[in-house]
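Number of protein chains: 2
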Amino acid sequence: MPKEVFKATAVLQEGLKVDVQARNFHLTIDEPPTLGGTDAGMNPVELVLGALGACQSIVAKSYAKKFEVELDDFRVELEGDLDTDGFMNKSDVRRGYSDIRYTFYIKTSSPKENVEALIDFLEKTCPVGDTIANPVNVAREKIVIE
Amino acid sequence: MPKEVFKATAVLQEGLKVDVQARNFHLTIDEPPTLGGTDAGMNPVELVLGALGACQSIVAKSYAKKFEVELDDFRVELEGDLDTDGFMNKSDVRRGYSDIRYTFYIKTSSPKENVEALIDFLEKTCPVGDTIANPVNVAREKIVIE
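Protein chains in written order, with our numbering: chain A, 6 to 151; chain B, 6 to 151.
Looking at chain A on its own, in the form it has when it is part of the complex:
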């Protein structure tokens, strides 16, 4: 497949709630009360970690056979450091994540070397991992006042 264009829409609701849409799918994003919301869903920076873990899981499953790995269970636990003083506009720190770490928990009877080869491959192949780790051209097209 050549270059594809993926799309999503975010629609602000009451308070800080947001309805996120992609194709026919919807999900509700919000902030916890400590960040001004009503806690109706995970927040955007948690969603970024979730997208990374989901992407890693999908690459692992897609390529497990190629590396001769049986995945009886597979999960990723992720965490990221973010100084919320940036979002609060209280300091000049970086606004986003500085560091993201993750651990893979894998139930398998396959050889450890195969598992490690799959994980090394996965880290090079995961689209969300590349998107977060490396610079992306992020740009506004326009503002439409309706």
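To be clear, the hints were calculated from the coordinates, so they are not data collected in a lab.
Keep in mind that the hints are not guaranteed to be accurate.
Note that the list lumps identical chains together, so a pair holds whenever it fits in one copy or between two copies.
What the hints assert, rightly or not - EDC-like, lysine to aspartate or glutamate: derived pairs with alpha carbons at most 20 Å apart: (1) Lys112 / Glu73; (2) Lys12 / Glu121; (3) Lys117 / Asp78; (4) Lys70 / Glu128; (5) Lys117 / Glu75; (6) Lys12 / Asp44; (7) Lys112 / Glu9; (8) Lys147 / Asp104; (9) Lys71 / Asp104; (10) Lys147 / Asp88; (11) Lys117 / Glu19; (12) Lys70 / Glu146; (13) Lys112 / Glu75; (14) Lys112 / Asp77; (15) Lys112 / Glu151; (16) Lys95 / Asp125; (17) Lys117 / Glu128; (18) Lys71 / Glu121; (19) Lys95 / Glu84; (20) Lys112 / Glu82.
The structure presented is a predicted model; accordingly, all values stated were derived computationally and were not measured.
Starting from the known structure of chain A, arrange chain B on it as the hints suggest.
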């Protein structure tokens, strides 16, 4: 607030489905059939766009009053270019997004200059925007074989 640690977990289900968890929230991620899944939810790269749009929406709402902007309606439409040959391991192209573009649709009676000032501020303040546009230290802690 000082530096905070945000967390999420991704748990592989049947096929390419993934249960993404953050605190008490869950969502289902999958791929469309063209990418090997059963289309039970948005996919990880759509989720990244959605996280960006949600974050922009939340920053807009949080700071609208400061910039004297009434937001009667606010939505962001986002798209990103990604060459799926990378994920398919068919070519040496970049695995993630090269470019992400977005347009703001705003229903407001506030002056255009105020709206533009809010949007300029939003783009500098959005944690997910910074996370995607700029490099992040993304690193494995370990592999635990259970």
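Right, here's what the structure says about each hint:
1. Taking CA atoms no more than 20 Å apart as the test, Lys112 paired with Glu73 passes inside one copy only; the shortest distance there is 14 Å, against 54 Å between copies.
2. Within a single copy, Lys12 and Glu121 get their C-alpha atoms no closer than 33 Å, and across copies no closer than 24 Å, so neither meets the 20 Å cut-off.
3. When the C-alpha separation of Lys117 and Asp78 is checked against a cutoff of 20 Å, the pair qualifies only within one copy, where the shortest distance is 15 Å, while the shortest distance between copies is 53 Å.
4. For a Cα distance limit of 20 Å, the shortest separation of Lys70 from Glu128 inside one copy, 17 Å, qualifies, whereas the shortest one across copies, 42 Å, does not.
5. With identical chains, the CA atoms of Lys117 and Glu75 are at most 20 Å apart within one copy only, with a shortest distance of 11 Å there and 58 Å across copies.
6. For a Cα distance limit of 20 Å, the shortest separation of Lys12 from Asp44 across copies, 15 Å, qualifies, whereas the shortest one inside one copy, 26 Å, does not.
7. Taking identical chains as interchangeable, the C-alpha atoms of Lys112 and Glu9 are never at most 20 Å apart, the minima being 34 Å within one chain and 30 Å between chains.
8. Proximity of Lys147 and Asp104 under a CA criterion of 20 Å is satisfied inter-copy only: 15 Å between copies versus 31 Å inside one chain copy.
9. Proximity of Lys71 to Asp104 under the C-alpha cut-off of 20 Å is found in neither arrangement, the shortest distances being 31 Å within a copy and 30 Å between copies.
10. With identical chains, the CA atoms of Lys147 and Asp88 are never at most 20 Å apart, being 29 Å at best within one copy and 24 Å at best between copies.
11. Taking CA atoms no more than 20 Å apart as the test, Lys117 paired with Glu19 passes in neither setting, with 50 Å inside one copy and 23 Å between copies.
12. Proximity of Lys70 to Glu146 under the C-alpha cut-off of 20 Å is found in neither arrangement, the shortest distances being 42 Å within a copy and 24 Å between copies.
13. Taking identical chains as interchangeable, the C-alpha atoms of Lys112 and Glu75 lie at most 20 Å apart only when both belong to the same chain, with a minimum of 8 Å there against 52 Å between chains.
14. Proximity of Lys112 to Asp77 under the C-alpha cut-off of 20 Å is restricted to the intra-copy arrangement: shortest distance 5 Å within a copy versus 50 Å between copies.
15. For the homomeric pair Lys112 and Glu151, the shortest alpha-carbon distance between copies (5 Å) is at most 20 Å, but the shortest distance inside one copy (53 Å) is not.
16. Taking CA atoms no more than 20 Å apart as the test, Lys95 paired with Asp125 passes between copies only; the shortest distance there is 17 Å, against 39 Å inside one copy.
17. Taking the shortest Cα distances, Lys117 and Glu128 sit within 20 Å of each other inside one copy (17 Å), while across copies they are farther apart (44 Å).
18. With identical chains, the CA atoms of Lys71 and Glu121 are at most 20 Å apart within one copy only, with a shortest distance of 13 Å there and 51 Å across copies.
19. Taking the closest pair of Cα atoms, Lys95 and Glu84 never come within 20 Å of each other, the shortest separation being 23 Å inside a single copy and 31 Å across copies.
20. Proximity of Lys112 to Glu82 under the C-alpha cut-off of 20 Å is restricted to the intra-copy arrangement: shortest distance 14 Å within a copy versus 40 Å between copies.
This entry does not satisfy hints 2, 7, 9, 10, 11, 12, 19, going by the numbered hints stated previously.
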